[in-house]
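**Student:** Sequence:
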Amino acid sequence: MKIKGNIFTKRIPTILGVIILIGGLIAGILLVGKPQSLLTKAGPTSVPKNVRISNQRAESITIGWTTDVPVTGLIKYSDNPGNLSMPGADVRDQVSGEAGVFTTHYVVLTNLGAGKTYYFEIVSGSASYNDSDRPYQVRTGLETNLGTEDIINGKIVSTASQGVEGAMVYIEIDGGEALSALTKSGGVWQLDLGQVRNDKGQVITYDRQGQQVSLFVQGGALGTATALTNTANDNPVGDIAMGTNVNLVEGIDSGQAGMTQGSGLAEGAGFGSLADEELLNPLTDGEKIATSSPEFRGKLPTGTKLTITVESEIQTATFDVGDEGMWVWTPPVGLEPGEHTVSIEYEDEQGILQKIVRSFTVLAAEEVDGLPAFTATGSADPAPTASPSATPTVVEASGSSMPSTESGVPDAGVLTTTYWLLIVGLGLFLTGQISRRWIKTI
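For the sequence shown, counting from 1, position 66 maps to 66 in the numbering used here; every step adds exactly one.
Note that these hints are calculated values from the structure, not bench results. Any given hint might turn out to be false.
[Said to hold, decoys possible] Here are the computed lysine to any residue pairs in the SDA-like style, where the Cα-Cα straight-line distance is at most 20 Å:
id: 1; residue 1: K76; residue 2: L112
id: 2; residue 1: K116; residue 2: E59
id: 3; residue 1: K184; residue 2: M242
id: 4; residue 1: K184; residue 2: V91
id: 5; residue 1: K305; residue 2: I356
id: 6; residue 1: K184; residue 2: Q162
id: 7; residue 1: K76; residue 2: G125
id: 8; residue 1: K184; residue 2: L222
id: 9; residue 1: K305; residue 2: A317
id: 10; residue 1: K299; residue 2: D323
id: 11; residue 1: K155; residue 2: L248
id: 12; residue 1: K76; residue 2: V108
id: 13; residue 1: K184; residue 2: S158
id: 14; residue 1: K76; residue 2: S60
id: 15; residue 1: K155; residue 2: Q212
id: 16; residue 1: K299; residue 2: N281
id: 17; residue 1: K116; residue 2: E143
id: 18; residue 1: K299; residue 2: L353
id: 19; residue 1: K76; residue 2: A89
id: 20; residue 1: K76; residue 2: M86
id: 21; residue 1: K116; residue 2: S60
Given the sequences, and given the hints that come with them, work out the whole structure.
**Tutor:** In structure tokens, the structure reads:
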């Protein structure tokens with residue numbers, strides 16, 4: 001004799017299983033379609049920043065850069081742009097014999113030919129970086145007589161007065177290209193001002209008792225520092241603390257200094273000293289702004305053809321600098337909160353392609369209190385139309401297992417909840433079916 005139960009006795013497990021199964025699928029789709037963070041922001045990356053060429057000689061050049069996070073770094077280079085087969089390791093890796101991870105990266109390429117163009121890309125972590133699918137390029141200097149030795153040295157310290165090892169110290173004097181050194185244990189560094197050359201590779205003459213010297217310290221994760229001194233007070237230079245901007249000599253107007261914190265990668269025949277005026281907003285790397293529509297501006301010779309590019313969402317424009325020499329541009333599409341970069345490219349008066357790259361952070365609404373916003377002001381200068389353009393490209397490094405990011409980086413989803421709901425739903429569904437058959441047999 002069969003016992004007849006009501007429909008709910010027979011059907012509830014099956015119906016409940018189906019409902020949970022469908023609910024799990026819907027929830028999974030919704031969760032996968034959204035990033036995990038409530039507010040999307042660009043986080044720290046291994047992308048090379050603050051790339052600088054210095055110490056240009058007939059036989060060698062130095063390439064320095066920073067990353068947000070500690071990673072390995074090296075240069076792949078050659079005089080053939082189609083075959084970047086020669087590796088250039090960080091100077092610290094050459095000493096230790098193994099690849100270290102740093103936020104400052106300092107590579108000296110040696111045994112180069114005089115007056116030759118070399119091509120390179122930066123390998124940061126497991127990815128390689130170049131300039132819009134083509135290598136960066138730099139030209140070595142010509143053979144020239146050595147200048148008379150003139151030592152400049154000092155010490156870089158932390159805010160706790162401890163020596164900072166691994167900081168990059170750049171120095172410039174008027175008319176000369178940048179020299180650089182990497183601080184050693186205890187934060188000490190030393191350079192020879194007698195080897196400063198102009199953009200034609202010639203040793204320059206300068207006042208060895210009163211010449212103004214500008215110093216810029218790039219400490220990667222530790223930040224930056226700037227200082228002014230002169231040749232009468234440079235052996236040693238006073239201690240420079242990270243995060244400070246100091247005038248070490250009375251009588252020097254710090255506003256007249258050609259500080260190097262804004263100098264970016266220069267291409268072509270030489271590095272050239274880049275003054276702050278080329279890109280006035282943002283003035284320094286890492287600047288925080290409180291608007292999604294920043295106004296980028298600077299000063300260049302009238303008629304200069306300028307290309308400006310903003311990332312992460314690529315927006316770019318090319319235009320000629322107006323009669324007054326001032327240029328202004330605002331990206332037509334608002335920028336998302338997070339870290340971005342802006343780069344400008346132009347040819348200087350010698351026909352050398354110059355490039356300045358700076359990073360800045362667009363703050364979310366809750367972070368903007370008390371912070372400046374360099375906002376678009378409705379300038380009469382015509383705003384060029386932005387169009388898609390290639391920018392420094394990430395290329396898969398040899399042997400890398402990283403997926404290609406050429407078409408964009410997909411948002412991370414959450415699948416765990418979907419899997420559990422799917423399992424529970426199937427379990428209840430099967431339980432309902434088994435219970436139904438069991439009831440029918442009673």
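**Student:** Indicate, hint by hint, whether the structure satisfies it.
**Tutor:** So, going through the hints one by one against the coordinates:
Taking the CA atoms of K76 and L112, the gap is near 14 Å; set against the 20 Å cutoff, the hint holds. Between the alpha carbons of K116 and E59 the distance comes to roughly 9 Å, so the proposed pair stays at or under 20 Å and holds. Taking the CA atoms of K184 and M242, the gap is about 15 Å. The hint holds against a cut of 20 Å. A threshold of 20 Å between alpha carbons decides the hint, and for K184 with V91 the separation of about 11 Å falls inside it, so the pair holds.
Taken as a hint, the K305 and I356 pair is honoured in the structure, with Cα atoms around 14 Å apart against an allowance of 20 Å. As the CA atoms of K184 and Q162 are separated by approximately 13 Å, the hinted pair is consistent with the 20 Å bound. Restraint check for K76 and G125: the C-alpha separation of about 13 Å stays at or below 20 Å, so the hint holds. About 15 Å separates the Cα atoms of K184 and L222, which keeps this hinted pair within 20 Å; it holds.
Between the alpha carbons of K305 and A317 the distance comes to roughly 11 Å, so the proposed pair stays at or under 20 Å and holds. The hinted pair formed by K299 and D323 meets the criterion: a straight-line CA distance of about 11 Å does not exceed 20 Å. Between K155 and L248 the alpha-carbon distance is near 13 Å, which keeps this suggested pair within the 20 Å criterion. For the given pair, K76 sits about 12 Å from V108 by alpha-carbon distance, which is consistent with the 20 Å threshold.
Proposed proximity of K184 and S158 is supported: the alpha carbons are some 14 Å apart, at most 20 Å. Restraint check for K76 and S60: the C-alpha separation of about 15 Å stays at or below 20 Å, so the hint holds. The suggested pairing of K155 with Q212 holds, with an alpha-carbon distance near 19 Å, which does not exceed 20 Å. For a cut-off of 20 Å, the pair hint linking K299 to N281 stands: about 10 Å separates their Cα positions.
The hinted pair formed by K116 and E143 meets the criterion: a straight-line CA distance of about 11 Å does not exceed 20 Å. Of the pairs offered as hints, the one joining K299 and L353 holds, with about 16 Å between alpha carbons and a cut-off of 20 Å not exceeded. Distance hint between K76 and A89 is fulfilled; the C-alpha atoms sit about 9 Å from each other, no more than 20 Å. Taking the CA atoms of K76 and M86, the gap is near 5 Å; set against the 20 Å cutoff, the hint holds.
Restraint check for K116 and S60: satisfied, since their Cα atoms lie roughly 11 Å apart, inside the 20 Å limit.
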